[in-house]
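Asks: For the record, in the sequence shown the residue sitting at position 59 is 59 according to the UniProt record's numbering, with numbers rising by one throughout.
Think of the hints as simulated: they come from the structure by calculation, not from any bench. Beta carbons are placed, not taken as given, at the ideal position from N, Cα and C, and that holds for glycine. One or more hints might be untrue.
Said to hold, decoys possible - For each label pair, taking beta carbons as the anchor points, the in silico distance ranges come out as:
1) Val-87 / Ala-26: 21 to 31 Å
2) Gln-91 / Leu-61: 39 to 49 Å
3) Asp-34 / Ala-67: 17 to 27 Å
4) Asp-34 / Lys-55: 13 to 23 Å
5) Ala-26 / Leu-61: 15 to 25 Å
6) Arg-36 / Ala-99: 54 to 64 Å
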Amino acid sequence: MEKSDRYSLDSDELDELVRELTTCHAKIDRSITDFRRQMRILESEWEGLSAEAQKLARAELDKGLDAMALALSDLIAENNDAHGLYVAAWQANVDMWRAVQ
1 MEKSDRYSLD
11 SDELDELVRE
21 LTTCHAKIDR
31 SITDFRRQMR
41 ILESEWEGLS
51 AEAQKLARAE
61 LDKGLDAMAL
71 ALSDLIAENN
81 DAHGLYVAAW
91 QANVDMWRAV
101 Q
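Whole structure, please, built from the sequences with the hints as guidance.
Replies: This is the structure:
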C-alpha cells in the first residue's frame with residue numbers, strides 16, 4: 001500500500017477485486033455449463049408444443065447467459081486495465097509532488 005499525507009492507494013485491494021471477479025466468472029461458467037447439460041437431458045423428453053415453447057425460452061435464456069458471461073469477462077478486463085492505469089497515475093502523482101516539495 002502506498003501512502004501520502006492525505007491519500008492512499010491499496011493496490012492489493014484492487015488485485016483482490018479482480019481475483020474475486022475471476023473466481024465468480026469461473027463459477028458462473030461452470031453453472032451455465034451444468035444448466036445447459038441438464039436442460040439437454042430434460043428437453044430430450046419433451047414433445048409437441050411444450051418442446052417448442054421450451055426451445056424458444058431456452059434460446060432467449062441462452063442469449064442472456066452468454067451476454068452476462070461476456071459482460072463479466074469485459075468487466076474483469078477493464079478492471080485489470082484500470083488497475084494498471086490507476087497505479088501508474090498514482091505513482092506519477094506521488095513523483096510529481098515529491099519533485100515540487
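Asks: Do the beta carbons of Asp-34 and Ala-67 sit within 17 to 27 Å of each other?
Replies: Once the Cβ atoms are compared, 19 Å apart, the range 17 to 27 Å for Ala-67 and Asp-34 holds.
Asks: Measuring from beta carbon to beta carbon, are Arg-36 and Ala-99 in 54 to 64 Å?
Replies: Holds - the Cβ-Cβ distance for Arg-36 and Ala-99, about 57 Å, lies within 54 to 64 Å.
Asks: Range first: 21 to 31 Å. Now tell me if the beta carbons of Val-87 and Ala-26 are that far apart.
Replies: Given range 21 to 31 Å: holds, Cβ gap about 25 Å.
Asks: Please check whether Ala-26 and Leu-61 have a Cβ separation lying inside 15 to 25 Å.
Replies: Given a distance of about 20 Å, which is inside 15 to 25 Å, the answer is holds.
Asks: Is it true that Asp-34 and Lys-55 lie within 13 to 23 Å of each other by Cβ?
Replies: Cβ of Asp-34 to Cβ of Lys-55: about 19 Å, so the range 13 to 23 Å holds.
Asks: Could one say that the CB atoms of Gln-91 and Leu-61 fall in the range 39 to 49 Å?
Replies: 45 Å, holds
Violated hints are absent here; each numbered hint is respected by the structure.
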